[in-house]
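Asks: Residue numbers (this note's numbering), protein chains in the order written: chain A, 1 to 306; chain B, 307 to 612.
Hints may contain errors.
[To be verified] Straight-line C-alpha distance at most 25 Å; calculated DSS-like pairs for lysine-lysine:
#1 LYS324(B) x LYS384(B)
#2 LYS460(B) x LYS324(B)
#3 LYS191(A) x LYS460(B)
#4 LYS385(B) x LYS448(B)
#5 LYS389(B) x LYS448(B)
#6 LYS384(B) x LYS154(A)
#7 LYS154(A) x LYS497(B)
#8 LYS142(A) x LYS83(A)
#9 LYS78(A) x LYS142(A)
[To be verified] Quick look at which bits of chain B chain A covers, simulated, 3 or more residues with Cβ under 8 Å:
#10 375 to 387
#11 404 to 412
#12 520 to 532
#13 549 to 562
Derived by calculation from the structure, the hints in this document are not laboratory data.
Using N, Cα and C, we set each Cβ at its ideal position, and we do this for glycine too.
Protein chains: 2
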Amino acid sequence: MKRPGRGRKVYGTVPGIKIGHVFASRQGLSEALVHRPNQAGICGTKGLGAESIVLSGGYEDDEDHGDVIVYTGQGGRKKDERKQTFDQPLTRGNAALVTSMTTGAPVRVIRGEPDGSGRSGSMIYRYDGLFRVVEFWHATGKSGFLVWRYRLVKLSTDESRSQEAQFEEPAGQDAPTRLEVTIQRVVRSTKVANHVKRAHRFTCQVCGIRLATPTGAYAEAAHVRALGRPHNGPDVAGNVLCLCPNHHTLFDFGMLTIADDLTITDRATGTEIGKLREAPNHRIDRTHLAYHREHHSEGWKHDTKD
Amino acid sequence: MKRPGRGRKVYGTVPGIKIGHVFASRQGLSEALVHRPNQAGICGTKGLGAESIVLSGGYEDDEDHGDVIVYTGQGGRKKDERKQTFDQPLTRGNAALVTSMTTGAPVRVIRGEPDGSGRSGSMIYRYDGLFRVVEFWHATGKSGFLVWRYRLVKLSTDESRSQEAQFEEPAGQDAPTRLEVTIQRVVRSTKVANHVKRAHRFTCQVCGIRLATPTGAYAEAAHVRALGRPHNGPDVAGNVLCLCPNHHTLFDFGMLTIADDLTITDRATGTEIGKLREAPNHRIDRTHLAYHREHHSEGWKHDTKD
Numbered sequence: 001m002k003r004p005g006r007g008r009k010v011y012g013t014v015p016g017i018k019i020g021h022v023f024a025s026r027q028g029l030s031e032a033l034v035h036r037p038n039q040a041g042i043c044g045t046k047g048l049g050a051e052s053i054v055l056s057g058g059y060e061d062d063e064d065h066g067d068v069i070v071y072t073g074q075g076g077r078k079k080d081e082r083k084q085t086f087d088q089p090l091t092r093g094n095a096a097l098v099t100s101m102t103t104g105a106p107v108r109v110i111r112g113e114p115d116g117s118g119r120s121g122s123m124i125y126r127y128d129g130l131f132r133v134v135e136f137w138h139a140t141g142k143s144g145f146l147v148w149r150y151r152l153v154k155l156s157t158d159e160s161r162s163q164e165a166q167f168e169e170p171a172g173q174d175a176p177t178r179l180e181v182t183i184q185r186v187v188r189s190t191k192v193a194n195h196v197k198r199a200h201r202f203t204c205q206v207c208g209i210r211l212a213t214p215t216g217a218y219a220e221a222a223h224v225r226a227l228g229r230p231h232n233g234p235d236v237a238g239n240v241l242c243l244c245p246n247h248h249t250l251f252d253f254g255m256l257t258i259a260d261d262l263t264i265t266d267r268a269t270g271t272e273i274g275k276l277r278e279a280p281n282h283r284i285d286r287t288h289l290a291y292h293r294e295h296h297s298e299g300w301k302h303d304t305k306d
Numbered sequence: 307m308k309r310p311g312r313g314r315k316v317y318g319t320v321p322g323i324k325i326g327h328v329f330a331s332r333q334g335l336s337e338a339l340v341h342r343p344n345q346a347g348i349c350g351t352k353g354l355g356a357e358s359i360v361l362s363g364g365y366e367d368d369e370d371h372g373d374v375i376v377y378t379g380q381g382g383r384k385k386d387e388r389k390q391t392f393d394q395p396l397t398r399g400n401a402a403l404v405t406s407m408t409t410g411a412p413v414r415v416i417r418g419e420p421d422g423s424g425r426s427g428s429m430i431y432r433y434d435g436l437f438r439v440v441e442f443w444h445a446t447g448k449s450g451f452l453v454w455r456y457r458l459v460k461l462s463t464d465e466s467r468s469q470e471a472q473f474e475e476p477a478g479q480d481a482p483t484r485l486e487v488t489i490q491r492v493v494r495s496t497k498v499a500n501h502v503k504r505a506h507r508f509t510c511q512v513c514g515i516r517l518a519t520p521t522g523a524y525a526e527a528a529h530v531r532a533l534g535r536p537h538n539g540p541d542v543a544g545n546v547l548c549l550c551p552n553h554h555t556l557f558d559f560g561m562l563t564i565a566d567d568l569t570i571t572d573r574a575t576g577t578e579i580g581k582l583r584e585a586p587n588h589r590i591d592r593t594h595l596a597y598h599r600e601h602h603s604e605g606w607k608h609d610t611k612d
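Next up, chain A with everything else stripped away, as it sits in the complex:
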């Protein structure tokens, strides 16, 4: 396979670079096209998504759990300062990671660590494989200012294999990848989720639609406060909504704000679009709604242009 040239966008595996490959410097990473910028932690654009990220301990809010990473967006710091002094905007690299969630295209993850020389800031960088962005939200960082956060999950070996070897992207082309396949939406189900769907007879709590299939109706369960780190939402009925796929998508992107009186506001237009439908045996826990508002659908400006 032809090696991509300098300055070319490369999504997925870089030909010839295996997981575990170590680079002695950011410059080496850049020359290999594994992570092209010399300073920024995120490589990518809002339009095409992120090619790669570097975790190097630069942000105090990052969490590294191995196959699951909670990554902090960029910005909010003045040039040459480590301390965050203003809110991070949802632009550039931060927007790129949201686009990666939309398209499902994989993101290369590089981890930096001290090179052992004892010199301050002297690091080596290891390519650690392909991850997908499964969630984004915002929070107040340790500094007191807004940060964007992303949950990335490592692709399984089988998935990674299907994303190898065809990743050179000619400059100027506006398709995000040459991937044959990318997984875009992963919808999970739990026993509690099935209970909630039955309580609503598979009817969307936002719009009342009920999708008929040959063997019954189809709906999706949305956890209001997500399971797992770092949200640690509980898998209980009060934390689950029964939604159609469309409103599930919008909910997960923070485009629906649900007030304690269950009024729903569409953030794209700023207008109220109705009230969340209730079922006699299913009560939504307001503390989880508040968590969703705080971390997903309030306190930031969005831009719906594409």
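Knowing the structure of chain A, use the given hints to seat chain B on it.
Replies: The following block gives chain B in isolation, referenced to the frame of chain A:
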């Protein structure tokens, strides 16, 4: 872990039974709860989905490609006859496999093969792991009668691991599984698909909706004639629709019939719901629409009760 009792439904991995475990008879499979019925190829119900299937060469239309199986539904044969003499109904085991696609719950696959004794019909059975149902359609079998067909794809090692060890289901309980997580909808994307989505500005060709996200609009690409075996649809723009997640779901379940004049009929109600939206630089190939009608949305009766 407590072993499930006889007659109990077991979804996912049966505790203590590893991939490759060989059983000397159907009775052995049944006693181990790996595949409970002694004769039927599919174990499951329309309401809860399929627990397991056996591939044993009994149906002339099965295709076994290792990690991908094209499985043929049951019925259409008179008792004790091997030859199909009428259409297979979408009931019982056949409906169970559609439900498995809806819920995303994994299905155990068991393969039978002659036991080497040379005695006709004398078989051994191997448990070959968890698969998910990713597609179903109908076709005219080699006998000339309608058969239901299912595409099953093996779960990756990582996915299988997350589905182990909690699969006993108390009798009479109406939740399909105790799985912590199941993957329900896998949406794939290709470069061509991205082109089609842009041609329509991420607007659904069925309903005209456009879902706004913080970094642009969200739509899904639906291949009309599926890629891969056995459909071998091409990855070209004429074989792709730009749909919202709701209409993508309905399209994949065969609930939308699209005529050559692009009139759309909702199979749940039998009524016309409009015309497929077109874009100047995107023409749908009618031969693929015809294929979708023939194999997905015509020639069978559906039942939308749940």
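Asks: State for each hint whether it applies.
Replies: Do the hints match the structure? See the list:
{"no.": "1", "hint": "LYS324(B) x LYS384(B)", "in the structure": "violated, 35 Å"}
{"no.": "2", "hint": "LYS460(B) x LYS324(B)", "in the structure": "holds, 15 Å"}
{"no.": "3", "hint": "LYS191(A) x LYS460(B)", "in the structure": "holds, 22 Å"}
{"no.": "4", "hint": "LYS385(B) x LYS448(B)", "in the structure": "holds, 19 Å"}
{"no.": "5", "hint": "LYS389(B) x LYS448(B)", "in the structure": "holds, 10 Å"}
{"no.": "6", "hint": "LYS384(B) x LYS154(A)", "in the structure": "violated, 50 Å"}
{"no.": "7", "hint": "LYS154(A) x LYS497(B)", "in the structure": "holds, 22 Å"}
{"no.": "8", "hint": "LYS142(A) x LYS83(A)", "in the structure": "holds, 10 Å"}
{"no.": "9", "hint": "LYS78(A) x LYS142(A)", "in the structure": "holds, 16 Å"}
{"no.": "10", "hint": "375 to 387", "in the structure": "violated (count 0)"}
{"no.": "11", "hint": "404 to 412", "in the structure": "holds (count 6)"}
{"no.": "12", "hint": "520 to 532", "in the structure": "holds (count 6)"}
{"no.": "13", "hint": "549 to 562", "in the structure": "holds (count 9)"}
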